[in-house]
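Trainee: Here is what each chain is made of, one letter per residue.
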Amino acid sequence: MSTRTVLHEADIARALTRISHEILESNRGTEELVVLGIPTRGVPLAQRIGASLAEISGSAVPVGALDVTMYRDDLHRNPTRSPQPTEIPAGGVDGRVVVLVDDVLFSGRSIRAALDALQDIGRPAAVRLATLVDRGHRELPIRPDFVGKNLPSARDERVNVRLHEIDGVDEVTIGS
Amino acid sequence: MRNLLDTKSLSRDEALRILDVAEDMAATQQREVRKLPTLRGKTVVNLFFEDSTRTRISFEAAAKRLSADVINFSAKGSSVSKGESLQDTAQTLQAMGADAVVIRHGASGAPQTLATSGWISAGVVNAGDGTHAHPTQALLDAFTIRKRFFGDDSRGRDLAGLRVTIVGDVLHSRVARSNVWLLTTLGAHVTLVAPPTLVPQDVTAWPVQIRYDLDEAIAAEPDALMMLRIQLERMNAAYFPTEREYSRRWGLDAARSAALPADSIVLHPGPMNRGLEISSEAADSPRSTVLEQVANGVSVRMAVLYLLLAGERNESEEDAR
Numbered sequence: 018m019s020t021r022t023v024l025h026e027a028d029i030a031r032a033l034t035r036i037s038h039e040i041l042e043s044n045r046g047t048e049e050l051v052v053l054g055i056p057t058r059g060v061p062l063a064q065r066i067g068a069s070l071a072e073i074s075g076s077a078v079p080v081g082a083l084d085v086t087m088y089r090d091d092l093h094r095n096p097t098r099s100p101q102p103t104e105i106p107a108g109g110v111d112g113r114v115v116v117l118v119d120d121v122l123f124s125g126r127s128i129r130a131a132l133d134a135l136q137d138i139g140r141p142a143a144v145r146l147a148t149l150v151d152r153g154h155r156e157l158p159i160r161p162d163f164v165g166k167n168l169p170s171a172r173d174e175r176v177n178v179r180l181h182e183i184d185g186v187d188e189v190t191i192g193s
Numbered sequence: 125m126r127n128l129l130d131t132k133s134l135s136r137d138e139a140l141r142i143l144d145v146a147e148d149m150a151a152t153q154q155r156e157v158r159k160l161p162t163l164r165g166k167t168v169v170n171l172f173f174e175d176s177t178r179t180r181i182s183f184e185a186a187a188k189r190l191s192a193d194v195i196n197f198s199a200k201g202s203s204v205s206k207g208e209s210l211q212d213t214a215q216t217l218q219a220m221g222a223d224a225v226v227i228r229h230g231a232s233g234a235p236q237t238l239a240t241s242g243w244i245s246a247g248v249v250n251a252g253d254g255t256h257a258h259p260t261q262a263l264l265d266a267f268t269i270r271k272r273f274f275g276d277d278s279r280g281r282d283l284a285g286l287r288v289t290i291v292g293d294v295l296h297s298r299v300a301r302s303n304v305w306l307l308t309t310l311g312a313h314v315t316l317v318a319p320p321t322l323v324p325q326d327v328t329a330w331p332v333q334i335r336y337d338l339d340e341a342i343a344a345e346p347d348a349l350m351m352l353r354i355q356l357e358r359m360n361a362a363y364f365p366t367e368r369e370y371s372r373r374w375g376l377d378a379a380r381s382a383a384l385p386a387d388s389i390v391l392h393p394g395p396m397n398r399g400l401e402i403s404s405e406a407a408d409s410p411r412s413t414v415l416e417q418v419a420n421g422v423s424v425r426m427a428v429l430y431l432l433l434a435g436e437r438n439e440s441e442e443d444a445r
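Protein chains in written order, with my numbering: chain A, 18 to 193; chain B, 125 to 445.
Be aware that one or more of the hints could be misleading.
To be verified - Across the chosen pairs, the derived CB separations fall in these ranges:
| # | chain 1 | residue 1 | chain 2 | residue 2 | range |
| --- | --- | --- | --- | --- | --- |
| 1 | B | Q154 | A | N177 | 42 to 48 Å |
| 2 | B | M220 | A | H154 | 56 to 62 Å |
| 3 | A | G192 | B | F274 | 50 to 56 Å |
| 4 | A | D162 | B | D193 | 34 to 40 Å |
| 5 | A | R175 | B | G165 | 28 to 34 Å |
Derived by calculation from the structure, the hints in this document are not laboratory data.
From the three backbone atoms N, C-alpha and C, an ideal C-beta is built for every residue, glycine too.
Generate coordinates for the entire structure from the input sequences, incorporating the hints supplied.
Mentor: The following block contains the structure:
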């Protein structure tokens, strides 16, 4: 069992800043943006991206959380998961550009669930996807718009994202 | 969770998990689209051997909002009235592919029998059995109390230190029994107030304080007062002289309601006998939670069905209960 660190604290900060710039470039401003993190670790990432967007652009960006547990297609294959809170910012998502934020993009199934969950909340003008790590092995036709790091991996390897807000440390590791 | 049969065997963590999932379910009920796809393709059977409107439609609404298919089976007009046994009924449901059976039965222990007999593989939820238990009612009462006292800060909290007083026909009440165990597990102090004839014999073994005088109980400043329904259909002996006397001594009239501390709440499981155990003034006052209890009932039952049906079927067989 070997584990190596592929992103350190500074790398993560740099990746998130770059993602924030890319979001602003592709969107010409922040007015319509809503950033939604997918629990658990997408939520602090979304908050960091939101803060960074506000810092770069000078105007606040609404940030929230979108839980996908009850929309997953693999519920009956796993022990019962507890849902996490969903928090939609006061302005809602109708007509907005929603940026979904997740820590690791793998099969794409969480994102499919997130799209379904989003549809029950409102009708965004567009939905974009930002992920800290894209490790490949997609099972659905889903691709990210903003990627912190492309990380080639074997299917059975474990990619772990640890964040200060939850784990007390910022790092991304890969191991078997 | 494989079955939900009573609250006595529910641990604090299990109870809090149900209440916390219910918070998430309640949040989804504020949305424009209130239906979740979670239990698509699952079948929930409401098997009701006793009359009930609220509990049945509450379970039905909960199952439908999670996209489960619902089959309602009431004993009246069914083959049960032709003498079919519980076993045959259960096996029929099994053959139809029920994933969960919500059962209400006049005999205490019927849900237990159904869950442990091996007749069916479906999960069993007790929706009230005889005078034994009514776990989802107790859970929704606890949820309502928690929500009133902690608001948005409810998640993960228990009811430690809160004083809950349950008033009325404790003897026949499965609601009271389920509440005694659940509220105590969650750290609340429970007091029972009833005419001596309506106090159960085994009550000395319960973790509660007993009083016979409602005014004394109100003077003790309870945080929550739960008025039980006088079950006129079960009053087959002279438990109290007249309804009027009961109402005078143990009913929550306007004066008693006014004597409660300012932030105390009043619960009632419904249906209310207005003018008997609760006056209209008390039932319609801001401290009354009757309608919140109904709304919370759907969220709590969604949580129970979710925890019962969403996960892998064979997880943790050891906590079969």
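Trainee: Hints first: check each against the structure and report whether it holds.
Mentor: Each hint tested on the structure:
At about 34 Å, the beta-carbon gap between B:Q154 and A:N177 misses the expected band of 42 to 48 Å. Between B:M220 and A:H154 the beta carbon distance is about 40 Å. The supplied range of 56 to 62 Å is therefore violated. The hinted range of 50 to 56 Å is not satisfied by A:G192 and B:F274, whose Cβ atoms lie roughly 41 Å apart. Taken as a hint, the range 34 to 40 Å holds for the pair A:D162 and B:D193, whose Cβ atoms sit roughly 38 Å apart.
Distance hint for A:R175 and B:G165: a CB-CB separation of about 31 Å, consistent with the stated range 28 to 34 Å.
Checked against the numbered hints given earlier, this structure breaks hints 1, 2 and 3; the rest are met.
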